[in-house]
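Work out the full structure, taking the sequences as your base and the hints as a guide.
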Amino acid sequence: MPDSHEVSRRDFATVVMAFVGALIGALVGLPAIGYLLSPALKVQKSEARVALGLLDSYPEGVPTLFSFTRTKINGWEKTVNSYGVFVLRKGNDVKVLSNICTHLSCRVSWQEAQQRYHCPCHDATYDINGGIIKGPQPRPMDEYPATVEDGSIFVTFTGG
Amino acid sequence: MLKTLFAWFDERLGLTTIYHTVLDRKIPPVNWWFTLGSASLFLFTMQAATGILLTVYYVPSPDRAYDSIQYIMTGVQFGWLIRGIHHWGASLMVLVVFIHMLRTFFFGAYKFPRELTWLTGVVLLLATLGMGFTGYLLPWNQRAYWATTVGTSIAGTVPVIGPWINQVLRGGTDLSAVTLARFFSVHIWWLPVVIGGMIGIHLYMVIRLGISAIPGKDD
Chain A
18 MPDSHEVSRR DFATVVMAFV GALIGALVGL PAIGYLLSPA LKVQKSEARV ALGLLDSYPE
78 GVPTLFSFTR TKINGWEKTV NSYGVFVLRK GNDVKVLSNI CTHLSCRVSW QEAQQRYHCP
138 CHDATYDING GIIKGPQPRP MDEYPATVED GSIFVTFTGG
Chain B
15 MLKTLFAWFD ERLGLTTIYH TVLDRKIPPV NWWFTLGSAS LFLFTMQAAT GILLTVYYVP
75 SPDRAYDSIQ YIMTGVQFGW LIRGIHHWGA SLMVLVVFIH MLRTFFFGAY KFPRELTWLT
135 GVVLLLATLG MGFTGYLLPW NQRAYWATTV GTSIAGTVPV IGPWINQVLR GGTDLSAVTL
195 ARFFSVHIWW LPVVIGGMIG IHLYMVIRLG ISAIPGKDD
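Chains A and B are the protein sequences, given in the same order.
Residue numbers for the first sequence follow the numbering used here, beginning at 18 and rising by one.
Residue numbers for the second sequence follow the numbering used here, beginning at 15 and rising by one.
It should be emphasised that the hints constitute simulated quantities derived from the structure, not laboratory data.
C-beta atoms are modelled at their ideal positions from N, C-alpha and C, and glycine is treated no differently.
Among the clues, some could well be false.
To be clear about the criterion: a stretch of chain B counts as covered by chain A if any three or more of its residues have a C-beta under 8 Å from a C-beta of chain A, and this derived list gives those stretches [claimed, not checked]: (1) 57-64; (2) 68-79; (3) 91-100.
In C-alpha cells:
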C-alpha cells in the first residue's frame, strides 16, 4: 500500500521473508563459490630447498649421483616422485646438474672412462660441466643453484 | 521493461495463478506448530544443496573416503561450513520431521480427507531416517564403520529373512567397499528421488485439500 504510512501485516511479512531468504541464500551461496573455486585456483609451490649432505662426502672432480624424493599433494592424493642430481665438487665449490636429458627427459648417466654424460635414449652426450658434446638435445644440462653452508650442500630445486 | 518481460512470461506460464494457488491459500487460524512442514522442506533443500556440494570432493571408496573428507575440512575454503551444515542439518531434519509427524497425529490432521498426505508423510519420515542411516557410514571412520555394523546386524535379527536382509544391506557378509558404494548410491540417488517425489505428492495434497484447523473441545 504505497499511499498509506502504515505497513500492512502482509507487506511486513513479505519484506521479512525476502530479507531472511536473501540472508540465508548469501550465507550458503557465497561460501559455496569459494568452496568450488579455492582448490582449483591454488598454485602449488614447486620451489624447494633440498639438502644434499656433507660436502666432504663427495669425491673431488667426479660427478656423483644424489637421489631424493619430493612429495606432491593434490587434494586427498599424494604422489611421491624420485629425482636425481649430479654433484660435481671442485674444492669448496659445487656444481649441481639435473640428470634429466634436455632432449626428451630420459635419465643420463656419468661415464667415467669417456668423461661424459650419456643419454641412452638418443645418444646425447654432455661434457662434465653439462655442455653439449653432440646429440639431438636443444640445450645444455639444467643446473640448480647450489650453496655450501657449514660444510653442507643445499640446492634450490625447481623441477617437479 | 521488467513488467513487460514478466507479463510475457506470466501470460505463457501462468506464474500469477501458481503464486495465488500455492501461496495465497485460505488457511484456518493456526499456530507455530503448523510451520514444521515448511521447516522440513527448507531443511531438505539445504541438505540437497550442501550434499551436492560435498560430492564435488567426496570419494566413496574405503581408501579415499576418510582422506577426502579431511581434505574438505582442512583443504577447501568453507569446506567445514558446507559439511557442518550438512552434518547438523541432518540431525535437525530428523528431529523436525518427527515433531511434524507428532503435530499431525495429535491434531488429528491425518483424518479424512488427508489419509494420503499422512501415508506419503510416513514414507518421507522413513526415507529421512534412511538418509540418516546411509549418510552416517560415508565418513568411513571408526564410529561410522561400527555404527553401520551394529545397524545392519539389528536388521539381521528379523525372523527368518534377517540374515538375508543383513547381506543385502551390506552387499556381502561383511562391511566392505561394496557396502560403502551402495550406501553412497542410496544416499545420493535412490532416497533423494523417493523424497523428492513424495514431497511433490505431499505438497499437492496440502494445496488441494488445504490444512486442517486446530481441533476444538467438541471434535
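We went through each hint and held it up to the structure:
For the stretch 57-64 of chain B, the stated coverage by chain A holds: 3 residues have a C-beta nearer than 8 Å to a C-beta of that chain, and at least 3 were required. With 4 residues having a Cβ less than 8 Å from any Cβ of chain A, the stretch 68-79 of chain B passes the three-residue criterion, so the hint holds. Check result for the stretch 91-100 of chain B against chain A: holds, 6 residues qualifying (beta carbon to beta carbon below 8 Å, three or more required).
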